[in-house]
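Engineer: Sequence:
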Amino acid sequence: MSRHPLGTTVLSCSCVGHLYGLFCVFKMLKIIELPAPCEVRSVIRFLSARNLSAADNHRQICEVYGPTAMCEGKVRKWVREFKAGRDNVHDDSRSGHPSVITDDMVASVEAKILENRRFTISTLSNDFPEVPRSVLYKIDNDP
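Going by full-length UniProt numbering, 82 is the number at position 82 of the sequence shown; the sequence numbering is gapless.
The reader is advised that the hints may include incorrect statements.
Listed next, the in silico DSBU-like pairs over lysine-lysine satisfying Cα-Cα at most 30 Å (straight line) [unchecked claim]:
#1 K77 x K30
#2 K74 x K30
#3 K112 x K138
With beta-carbon atoms standing in for the labels, derived distance ranges [what the hints assert, rightly or not]:
#4 I121 x H97: 17 to 25 Å
#5 A36 x G85: 19 to 27 Å
#6 D92 x T123: 38 to 46 Å
Hints in this document: simulated from the structure, not taken from any laboratory. Values in this document were obtained by computation on a predicted structure and should not be read as measured data. The beta-carbon is built from N, C-alpha and C at its ideal position, and this holds for glycine as well.
All chains should be built: construct the whole structure from the sequences, respecting the hints.
Structural biologist: Given below as structure tokens:
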């Protein structure tokens, strides 16, 4: 290891001209792992306010949060959103898929389980085809 005149740490390599600055200077940065999505969006909002391009935003995010923090396409989407006037960094609420499971249905499944303790998820699934197997398993395993 040696020190570059600008103060960055260089892992020993032989560099030529301008390639030195592009490929061979390694900044010893600590990667922040698993950032909250709103944290990354806050950084995008900040960098966008400083008029950095989406590519520069993405490059800086990758330096700090690692290459899997957010893809460049998503960064471009958020830069557009913030430049269009959005100021909220949190997800928009979505309606999602409405639940088909009612309290009455849960009670029916539980009654069927009590009726025959030697049931299988497959037999319950045959009796309640509208209920996903994963939900039947959850109903069975809830205390």
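Engineer: With reference to the structure, classify each hint as holding or not holding.
Structural biologist: Tested hints:
no.: 1; hint: K77 x K30; result: 27 Å, holds
no.: 2; hint: K74 x K30; result: 23 Å, holds
no.: 3; hint: K112 x K138; result: 15 Å, holds
no.: 4; hint: I121 x H97: 17 to 25 Å; result: 22 Å, holds
no.: 5; hint: A36 x G85: 19 to 27 Å; result: 23 Å, holds
no.: 6; hint: D92 x T123: 38 to 46 Å; result: 42 Å, holds
Comparing the model with each numbered hint stated earlier shows that all of them hold.
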